[in-house]
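Visitor: Throw the hints in and build the complete structure from the sequences for me.
The lines below spell out each chain.
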Amino acid sequence: MEELKVVQVNYWKEIRKEINKTMESLHGLVLLTHNSIEFSDLIDFLNNLRRNQQTTILYISLINSYSHIKQTLQTHPLASKKLYVVDCVSGFLLELQDTVDCVYRRPPPNLEEMKNLIMKNIQWSNPNIIIVDSISQFINFTVPTEEELHNLYAFLRSIKEDALGITRDTIILVYDDRMGSMKKLPTMFTDTIMKLEIIKEKPEWKD
Amino acid sequence: MTKIMIVDDETDLREMLNLMLHKEGFETATAENGDDFLNKIDEFQPDLITLDVMMPGLTTREILEKLKEKKTKPKIILLTVVRYSEEEKQKLYQRGIVDYVTKPFELDHLIHTIHKYVLLSPAS
Chain A
1 MEELKVVQVN YWKEIRKEIN KTMESLHGLV LLTHNSIEFS DLIDFLNNLR RNQQTTILYI
61 SLINSYSHIK QTLQTHPLAS KKLYVVDCVS GFLLELQDTV DCVYRRPPPN LEEMKNLIMK
121 NIQWSNPNII IVDSISQFIN FTVPTEEELH NLYAFLRSIK EDALGITRDT IILVYDDRMG
181 SMKKLPTMFT DTIMKLEIIK EKPEWKD
Chain B
1001 MTKIMIVDDE TDLREMLNLM LHKEGFETAT AENGDDFLNK IDEFQPDLIT LDVMMPGLTT
1061 REILEKLKEK KTKPKIILLT VVRYSEEEKQ KLYQRGIVDY VTKPFELDHL IHTIHKYVLL
1121 SPAS
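In order, the protein sequence lines correspond to chains A and B.
Numbering-wise (the numbering used here), the first sequence opens with residue 1 and increments by one.
Numbering-wise (the numbering used here), the second sequence opens with residue 1001 and increments by one.
These aren't lab readings, by the way, just hints derived from the structure by calculation.
Virtual Cβ for every residue (Gly too), placed ideally from N, Cα, C.
Among the hints, erroneous ones may be present.
[What the hints assert, rightly or not] Ranges between beta-carbon positions, derived for each pair:
| hint | chain 1 | residue 1 | chain 2 | residue 2 | range |
| --- | --- | --- | --- | --- | --- |
| 1 | A | Glu95 | B | Asp1009 | 20 to 26 Å |
| 2 | A | Met188 | B | Gln1045 | 49 to 55 Å |
| 3 | B | Asp1009 | A | Ser40 | 26 to 32 Å |
| 4 | B | Glu1015 | A | Gln123 | 40 to 46 Å |
[Stated by the list, open to error] Using 30 Å as the maximum straight-line C-alpha spacing, the simulated DSSO-like pairs for lysine-lysine come out as follows:
| hint | chain 1 | residue 1 | chain 2 | residue 2 |
| --- | --- | --- | --- | --- |
| 5 | A | Lys183 | A | Lys13 |
| 6 | A | Lys160 | A | Lys183 |
| 7 | A | Lys184 | A | Lys200 |
| 8 | A | Lys70 | B | Lys1089 |
| 9 | A | Lys81 | B | Lys1089 |
| 10 | B | Lys1103 | A | Lys183 |
| 11 | A | Lys21 | A | Lys195 |
| 12 | B | Lys1103 | A | Lys115 |
| 13 | B | Lys1116 | A | Lys202 |
| 14 | B | Lys1103 | A | Lys184 |
| 15 | B | Lys1089 | A | Lys202 |
| 16 | A | Lys195 | B | Lys1103 |
| 17 | B | Lys1103 | A | Lys202 |
[Said to hold, decoys possible] Partial chain A-side listing against chain B, Cβ under 10 Å, derived:
| hint | residue |
| --- | --- |
| 18 | Cys88 |
| 19 | Gly91 |
| 20 | Phe92 |
| 21 | Leu93 |
| 22 | Arg178 |
Guide: Right under this line is the structure:
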């Protein structure tokens, strides 16, 4: 039998019993990994975050179009939270005008440009929480290159220093781990790494 | 033989699709971005193209606009990571897009989708 070499050991903790405490105190730089969740699942996650507190969120989307976000919010409302969107995907296909709560921009080609996009858009939205969905387009933690890791750490350090503040206290970087196991966790500069796993099955119909 | 062109900036995916669709019995060609695609389309004359939505250079909107000037009018299947609303999907269908497949995808799913649109085309 071929001998296998351990390349990484990750510890995950199930926090259901302390979810309220964890979600109330979540702040700093957060990496939220998941198994290909839908936007409605992300809303459920956000609704657990700082319940009953008026919170402003800036959502930078490289996955969900603003139209899809609005459609989802009709059935999954976001409680006590104001959402501003930077839609980096719709402009590829449709000609669209900025609205009071959404601007359409080209997707940043690298993490340095992503940082610039964040800095430009915190001016008009003045958020408490910034969400980048997702960083999977820039790095694959299964097979990251040295250059990708270097760029990621430079990005993490830079946004932590420049984008976080007293009222703007949380940045959530979303990562879809469907590309494989996370062999390199970015433990440097991140304050929390969470995994959100949603398991769905077709319902069993009974007569 | 039914002709398919794969338009994608990801080299590995482009070459893998090229190989697999060729093995399926299609005549294939590739393009690495919008400009490359527009330069090749009237020479290759594909029946169908798989088009990556987010590529450097021309946006998909610009590609679809410039495609109106070309003689060849292929069916278009979008390959995308993006989740669109129903309203947006309807707008896409009005622009000549016949279907879309969300990345990452199972190859069987893509081939099944392609066969929905080129099933009746004559094969040599």
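Visitor: With reference to the structure, classify each hint as holding or not holding.
Guide: Quick rundown of the hints versus the structure:
{"no.": "1", "hint": "A:Glu95 with B:Asp1009: 20 to 26 Å", "verdict": "holds, 22 Å"}
{"no.": "2", "hint": "A:Met188 with B:Gln1045: 49 to 55 Å", "verdict": "holds, 53 Å"}
{"no.": "3", "hint": "B:Asp1009 with A:Ser40: 26 to 32 Å", "verdict": "holds, 30 Å"}
{"no.": "4", "hint": "B:Glu1015 with A:Gln123: 40 to 46 Å", "verdict": "holds, 43 Å"}
{"no.": "5", "hint": "A:Lys183 with A:Lys13", "verdict": "holds, 17 Å"}
{"no.": "6", "hint": "A:Lys160 with A:Lys183", "verdict": "holds, 23 Å"}
{"no.": "7", "hint": "A:Lys184 with A:Lys200", "verdict": "holds, 27 Å"}
{"no.": "8", "hint": "A:Lys70 with B:Lys1089", "verdict": "holds, 14 Å"}
{"no.": "9", "hint": "A:Lys81 with B:Lys1089", "verdict": "holds, 28 Å"}
{"no.": "10", "hint": "B:Lys1103 with A:Lys183", "verdict": "holds, 22 Å"}
{"no.": "11", "hint": "A:Lys21 with A:Lys195", "verdict": "holds, 16 Å"}
{"no.": "12", "hint": "B:Lys1103 with A:Lys115", "verdict": "holds, 25 Å"}
{"no.": "13", "hint": "B:Lys1116 with A:Lys202", "verdict": "holds, 25 Å"}
{"no.": "14", "hint": "B:Lys1103 with A:Lys184", "verdict": "holds, 23 Å"}
{"no.": "15", "hint": "B:Lys1089 with A:Lys202", "verdict": "holds, 25 Å"}
{"no.": "16", "hint": "A:Lys195 with B:Lys1103", "verdict": "holds, 21 Å"}
{"no.": "17", "hint": "B:Lys1103 with A:Lys202", "verdict": "holds, 21 Å"}
{"no.": "18", "hint": "Cys88", "verdict": "holds, 9 Å"}
{"no.": "19", "hint": "Gly91", "verdict": "holds, 7 Å"}
{"no.": "20", "hint": "Phe92", "verdict": "holds, 5 Å"}
{"no.": "21", "hint": "Leu93", "verdict": "holds, 5 Å"}
{"no.": "22", "hint": "Arg178", "verdict": "holds, 7 Å"}
Checked against the numbered hints listed earlier, the structure breaks none of them; every hint is satisfied.
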